[in-house]
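2 protein chains.
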Amino acid sequence: MWYTLYQMVKRAPAGLDSSFNALADATRRGVLEQVGRSDASITDLANRFQMTLAGMMKHVGVLEQAGLVTTEKVGRVRTCKLGLHRLEEEAAWLKRHRLLWEARFGELDRIVEALKQKENINGSKK
Amino acid sequence: MWYTLYQMVKRAPAGLDSSFNALADATRRGVLEQVGRSDASITDLANRFQMTLAGMMKHVGVLEQAGLVTTEKVGRVRTCKLGLHRLEEEAAWLKRHRLLWEARFGELDRIVEALKQKENINGSKK
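So the protein sequences, as listed, match chains G and L. Residue numbering for the first sequence follows the numbering used here, starting at 323 and increasing by one per position. Residue numbering for the second sequence follows the numbering used here, starting at 323 and increasing by one per position.
No wet-lab data here; the hints were simulated from the structure. Some hints could be false.
A pair holds if it fits inside one copy or across any two, identical chains being indistinguishable in the list.
[What the hints assert, rightly or not] Below are the DSS-like pairs computed for lysine-lysine, each with C-alpha atoms no more than 30 Å apart in a straight line:
(1) K440 <-> K380
(2) K380 <-> K438
(3) K403 <-> K417
(4) K395 <-> K380
(5) K417 <-> K440
(6) K380 <-> K403
(7) K403 <-> K440
All chains should be modelled from the sequences, with the hints used to inform the complete structure.
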């Protein structure tokens, strides 16, 4: 079974790595929220997030590699739009983890409850 | 409004940075899935994921800092358990993003549909 788990990890799409990495930065999440509302030029984004153009291009590059945004250059302006990656797999992963989490902590709650009741019974017997 | 957005980014909890960063690695996600099923020693985890003890300790350290696991040393064995952080905020962030995404792409779909219909009408007039 452990070997299967190891294989699962190795076969796991690199997509999750790059998308979670792209989300691990407050500015990049802010850019995604902004671009989710309306397209924006890199210059606009740099101004809005009080960042150098080079710094913003780096962040946008990380988002673009993860498929979360696309960019298009028309004349001298590079515009940033929402990408096709809708974070479905990532949402599914989190959901699975949260179900595991609830199952484990629910189990612990039941054990603690059972111990408490046992203690109450023993206490009332004395 | 842009200033507010900038402030939002700056005030955003660092928690999302560290948890998304923790999830941006297939081995760390594998460890979380494993520990979600049952507690495991760092040595066990290192063996299961065919990794050195030092490498696994580094990964577990990243997960621990994000609150996703806790570790406890009893004698010479350090055991890794599921942490209290249940990724609620992260799931909420993804959900918000996906709603924005659907709203934007839904809008585009409607525009394309309207253009197609217009073209059909113009086409039939000729």
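Now the hints, each set against the structure:
1. K440 <-> K380: Classified as neither; 60 Å inside a copy, 41 Å across copies.
2. K380 <-> K438: neither (55 Å within a copy, 38 Å between copies)
3. K403 <-> K417: For K403 and K417, both the intra-copy (27 Å) and inter-copy (19 Å) Cα distances are at most 30 Å.
4. K395 <-> K380: For K395 and K380, only the intra-copy Cα distance (16 Å) is at most 30 Å; the inter-copy one is 41 Å.
5. K417 <-> K440: neither (35 Å within a copy, 42 Å between copies)
6. K380 <-> K403: within (16 Å within a copy, 36 Å between copies)
7. K403 <-> K440: Between copies, since 26 Å is at most 30 Å while 60 Å is not.
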